Amino acid sequence: MTDFDAIVIGAGNAGLTAATALQRGGARTLLLERHNIPGGCATSFIRGEFEFEVALHQLSGMGTEKNPFIMRKIFNDLGIMDQLTIVEERELYRVVMPSKVNKEHEIDIVLPASIKALKKTLSAHYPEESENIEAYLTLCEKLSLECFMMLPRAQKMADQTVLESTCPNYIQYGLTSSKDVLNQFFSNPDLKTVIAAYWCYIGLPPKDIPFCDLAMMIYAYAAFKPCHVQGGSQAISSALLESFLNAGGKVLFNTGAAKILTENEQVKAVQTEHGDIFSCQHIISNTSPQHTFNELLDIPTPTQVADDMKSRRLGTSAFVLYLGLDCTPEELGVTAASNFIIDDRDEEVAFTTMQGIVDPTHTMVTCYNYDDPSFAPQGKSTLSLLCLQYSQAWQDLPVEEYAQAKYDFAEKLINHAERVFPNIRKNIEEVEVATPLTMMRYLNTPGGAIYGFQQNTQDATMFRKRIDAISGLHMAGSWNGMGGFQPTYMIGESTARAVLKKIKKESEMKQQELTHA
Amino acid sequence: MPSTNKKNNILHAVNGYQDALDHQQELLKTGTDYNEQNGHVANTIASLHPKRIQLVVSEVIEDTASTKTLRFKAKGGFLPPFQAGQYINLFVNIDGTETARPYAISSAPQQRGFYDFTIKHVADGFVSHFLLNDVKVGDHFQSTGPMGTFYHNPLFHGDDLVFLAGGSGIAPARSMILNMIKKTSQKIHLIYASSYEADVIYINELKRLEQEHDFLTITWLISRPTENYAGRTGHVSAELLSELLGNDLETLQAKMFYICGPTSFHDFCAEQLKQLKVKARRVRIECNGPPKRPETLAGWPQNLIASDKVMVTIHKADGSQGQFEARVDEPLLNSMERNGYSAENACRSGECSLCRVKILKGSVFNPAEARLRSTDEAYGWCHSCVAFPTSDIDVLV
Ligand SMILES: Cc1cc2nc3c(=O)[nH]c(=O)nc-3n(C[C@H](O)[C@H](O)[C@H](O)COP(=O)(O)OP(=O)(O)OC[C@H]3O[C@@H](n4cnc5c(N)ncnc54)[C@H](O)[C@@H]3O)c2cc1C
Ligand code: FES
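Residue numbers (numbering that gives the first Met the number 0), protein chains in the order written: chain A, 0 to 516; chain B, 0 to 396.
Bound-form chain A, shown alone (with noise of 0.2 Å):
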């Protein structure tokens, strides 16, 4: 008998979520991170009184208590949705294009986290476009169900009539370029970079994003409600693995995995930083697969393998400030949790700065406690100023050179957000700088990506073979998939199950084995 049915390889949500659900489902686990904490990004950290989300900005596919959607599904199925306490946020967000010349801001306007309402207000700041909201809105609610579930109906069937009959809107518009669509439904440039600005989230410009990831994320956004978690992505990190703990997994921090050992091209066992060697039938990969393939196997990485990932590019990193401010978020003059900062309503030049330590053009604000006063001590604010950034810019820097051009961008982030947000620098009591290397020191990623390969139409599962050349090994996490919270935690779920199955018919053919004998 193996040490363990499964080796998971990482703690991040995929991998944590891979490893409860195993363990739940009855295969003995064992979890491996070579960081000192579960969650990957979704950790938090302290400095001074405050404590520092690492990486969840507006948590997505929960609902609400009333109007449940998947992400309860699936964290009851784990046994933790009644260790979290969800907060809803109010708003979607606010964005604001500070004007260079005076007081007045060229565009600020508040969207509401709720489909009607989001439709009043963008209608009142633009009545000639009102009825083009209507309609693109409703193009978005309807190509998201069809995502949702026609689609892989249709896709399972491997029917073109259902296809063509349940997904007319998938056909035409879903994996149309973003930024073809926003022209085709809008003529005010500003209502398209008001309506588009959740690209900031996935890092490339509208031109390069599928529509149905776009109108997914705000149509989800707006009807299930983005939310926070009381203690931060931290506190899902920590419940799942109590889960996992109570269900009897074993877990080990400060323990990297060093090499996965083969044997005809099927995995045996995994050796750990220490020297250990733990023997398995399975392992999922909660990390890149430059790192498993070409770092941690044993063997050259097979060619269905090197295959996919030529076809793919290094996904973007970030650069993030942590600040723990002396002041209220009244004071500091937030009105919405989220806001983007946007200078250049052409997004290529944006994410041709995302591409050097250059002046920032598109700065994300995320004011913690603005919803919910448990996230800063009181009279206090937690703050995230976020961009996202690629890393070469900072790989190529010396080492001596590393700590002077962190605080350099940093002014120049503050610099930008201030532009908004006034009072920020006179009042910060805490502050942590994270730039794409410390993404890279702390995810073990290469290039610090923070949501694996860049997600532009070709990338996605549909446009993927599953990855079967070394029997037993699994990825799981955003470099298979989409990154960010929602996607890594279903892969991690999805991956669980398939693996159960495959371990239930292994024990199956054991068995009959055993009886014909």
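If you are wondering where the hints come from, they were derived from the structure by calculation, not from laboratory data.
If you're wondering where the values come from, they're calculated on a predicted model, not measured in any experiment.
Take these hints with a grain of salt, some might be off.
Stated by the list, open to error - Below, in silico cross-link-like pairs of lysine-lysine (BS3-like), each with a Cα-Cα straight-line distance of 30 Å or less:
(1) Lys276(B) / Lys425(A)
(2) Lys258(A) / Lys74(B)
(3) Lys411(A) / Lys182(B)
(4) Lys50(B) / Lys258(A)
(5) Lys425(A) / Lys254(B)
(6) Lys425(A) / Lys186(B)
(7) Lys411(A) / Lys278(B)
(8) Lys186(B) / Lys411(A)
(9) Lys309(A) / Lys28(B)
(10) Lys267(A) / Lys50(B)
(11) Lys315(B) / Lys503(A)
(12) Lys411(A) / Lys181(B)
(13) Lys182(B) / Lys425(A)
(14) Lys425(A) / Lys278(B)
(15) Lys357(B) / Lys258(A)
(16) Lys206(A) / Lys28(B)
(17) Lys186(B) / Lys267(A)
(18) Lys411(A) / Lys308(B)
(19) Lys357(B) / Lys425(A)
(20) Lys258(A) / Lys315(B)
(21) Lys28(B) / Lys464(A)
(22) Lys178(A) / Lys181(B)
Got chain A sorted already, so can you dock chain B with the ligands onto it with the hints?
Then chain B with the ligands, alone, in the frame of chain A:
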């Protein structure tokens, strides 16, 4: 070729599907299998934040009767950059016990050839004794990379700095001062308290620096002077601070105060600054090990006395178990190490969370030093370097 499952053939009916497939082919042709980047992530991380550094003692410098500076070079030659004020955690093996202690780097960050650590004798200290008495040139050590958040942060600290140093708390101050030599805009007032005149570390170097540079002002303070001592005596009191720095609140508030010394010194200085109405955000206090007498702190269970003993049962992930007895006033990490168990660690002051362990049964006392995440206590996680067992406990490591 990555391409797609059969069930996706129907997707050709979708606008843009073929375009995406074409795009994929194009990318495939020009792409890489990333093999050329093997080792790159690990090397990049190691050049900034190595998990371990291999060190060799290159010099032992006698500073005062109770203090030595140990100079360390890297075995491989490369020492990562650090920010003046940061520390490393030095691993030692003393008579079979594997343990470690954090030490601030007292040399300048510009000096990339070596790190200096200033080690002061601590009465009944375990590791300081060893470092002062048994270490010689050529000895090998392991340490963590530079860590910690006690340094000048240009984003909000400003240019008007005050450093309150007590005893060996001068170590990070020295690094910060040496680092300021080239920076024209900053100035620093060092208020340096020592017990005895003979105990003032770096006295000559600091006096010389003060003479040579305008940015540096030093006030020396001796708490237990000899009869003939002519300089200032006493403690870093609120009156002294007002006298030296003025008591205009706005001026005081514009300064950044750094405090580093023994725990009692931290508490005392912080209290004085509070009296002067200096806001928390203008004060930085270096961490300084576990509390010495936990039984005197608020929240310590009644009826529990320092010499009480409890049974600690250790559970490892491989299923093995072990047991030992420990005093309730000894940090869990220390008693674990003495009994041959370990947890990763760096700050040993409750800050970095590397030493996190889970208490499966029983209870521990978490002092204010323990910077726990808000969900930790509910699930029994604690920072073992500052956690004190208050009953028989079962620990998952
Ligand atoms: C600053 C920031 C902001 C973000 N904002 C958002 C947002 O607003 N909304 C959103 O949906 N998403 C956001 N994300 C992205 C989202 O958090 C991630 O895409 C998602 O959490 C990735 O999960 P994952 O399962 O792929 O694993 P990861 O979080 O990448 O975790 C992988 C884990 O594997 C471990 N590991 C790696 N190598 C090894 C090894 N050899 N052995 C053992 N362990 C190993 C790592 O230490 C890590 O813990 C953000 C991310 C960051 C960093
Ligand atoms: S070693 Fe840093 S918290 Fe314990």
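Against the structure, the hints come out as follows:
1. Lys276(B) / Lys425(A): holds, 17 Å
2. Lys258(A) / Lys74(B): Roughly 27 Å between the alpha carbons, so the hint for Lys258(A) and Lys74(B) holds.
3. Lys411(A) / Lys182(B): With Cα atoms ~21 Å apart, Lys411(A) and Lys182(B) stay inside 30 Å; holds.
4. Lys50(B) / Lys258(A): holds, 19 Å
5. Lys425(A) / Lys254(B): holds, 12 Å
6. Lys425(A) / Lys186(B): Satisfied, since the Cα-Cα distance of roughly 20 Å is no more than 30 Å.
7. Lys411(A) / Lys278(B): Status holds; Cα separation ~26 Å.
8. Lys186(B) / Lys411(A): It holds: about 24 Å lies between the C-alpha atoms, which stays within 30 Å.
9. Lys309(A) / Lys28(B): holds, 8 Å
10. Lys267(A) / Lys50(B): Holds. Lys267(A) to Lys50(B) sits at ~28 Å (cutoff 30 Å).
11. Lys315(B) / Lys503(A): At roughly 29 Å apart (the allowed maximum being 30 Å), Lys503(A) and Lys315(B) satisfy the hint.
12. Lys411(A) / Lys181(B): Judged against 30 Å, a Cα distance of about 24 Å means the pair holds.
13. Lys182(B) / Lys425(A): holds, 22 Å
14. Lys425(A) / Lys278(B): holds, 12 Å
15. Lys357(B) / Lys258(A): holds, 27 Å
16. Lys206(A) / Lys28(B): Within the cut-off at roughly 22 Å; holds.
17. Lys186(B) / Lys267(A): Violated, at about 61 Å.
18. Lys411(A) / Lys308(B): Given that 30 Å is the threshold and the Cα spacing comes to 55 Å, the pair is violated.
19. Lys357(B) / Lys425(A): Not satisfied, since the Cα-Cα distance of roughly 39 Å exceeds 30 Å.
20. Lys258(A) / Lys315(B): Satisfied, since the Cα-Cα distance of roughly 21 Å is no more than 30 Å.
21. Lys28(B) / Lys464(A): Roughly 18 Å separates the two Cα atoms, so the pair holds.
22. Lys178(A) / Lys181(B): violated, 51 Å
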